[in-house]
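> Each chain is listed here by its residues.
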Amino acid sequence: DAKTTQPPSMDCAEGRAANLPCNHSTISGNEYVYWYRQIHSQGPQYIIHGLKNNETNEMASLIITEDRKSSTLILPHATLRDTAVYYCIVRAQGGSEKLVFGKGMKLTVNP
Amino acid sequence: EAGVTQFPSHSVIEKGQTVTLRCDPISGHDNLYWYRRVMGKEIKFLLHFVKESKQDESGMPNNRFLAERTGGTYSTLKVQPAELEDSGVYFCASSEGVWSPLHFGNGTRLTVT
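Taken in sequence, the protein lines are chains W and U.
Those letters in the first sequence? Residues 1 to 111, per this note's numbering, in order.
Those letters in the second sequence? Residues 1 to 113, per this note's numbering, in order.
If you are wondering where the hints come from, they were derived from the structure by calculation, not from laboratory data.
Note that the coordinates shown come from a computational prediction; the quantities given were computed from them, not determined experimentally.
One thing to keep in mind: the hints can contain errors.
[To be verified] Quick list of the computed label-pair ranges, beta carbon to beta carbon:
1) U:Arg64 to W:Ala17: 25 to 35 Å
2) W:Gly29 to U:Ser53: 26 to 36 Å
3) U:Ser58 to W:Thr5: 22 to 32 Å
Even glycine gets a Cβ: it sits at the ideal position worked out from N, Cα and C.
Chain W with its partners taken away, still in its complex shape (with noise of 0.2 Å):
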């Protein structure tokens, strides 16, 4: 049911720009992309979300390719708290308003 891919894994250093990438060729126009992550024996943690705008809150920063076929989510100053699996998620506005997770991307942050 995902509509998104992404990377199995990712390492990045400590202190360094974390830039995490998502396909999403198939969006629609209604379409919003979602980020969440979930650190291990947590709930998903709700991070940013955009729909053809580039964003930005205290978290990270959220980046859609024009054709809005693709996005990449920026953690600017990764921090080992920062590990975790990071999900990227199509929703719909109009349609079904839950959330399909995929397999998401294992960010590690290495010190």
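Given the coordinates of chain W, assemble chain U onto it according to the supplied hints.
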């Protein structure tokens, strides 16, 4: 603001027994969702309440699962009788509006032996 809280955090029961999981959403959130992750699988949607009404229960696996949200506040998810394959982590989430981000609790880890 208190987050989504779930009780208990862990539950170990024998096959055939009954278990009731509870979820307290963020105050004022009309939308409440149940999800679960069974071992080695992806997080799967179970159902969605809007206030006390079931909006979408397409993910409920079978009639051994019963979710309620009387009064539109907290919700319970009862499994009766529990089977081995019901083991996993059950997550609850809430959102203020239908298109607002979901905020998840830390889950209830259910082990059926």
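> Find the hints from earlier in the document that the structure breaks and name them by number, from lowest to highest.
Violated: hint 1 alone.
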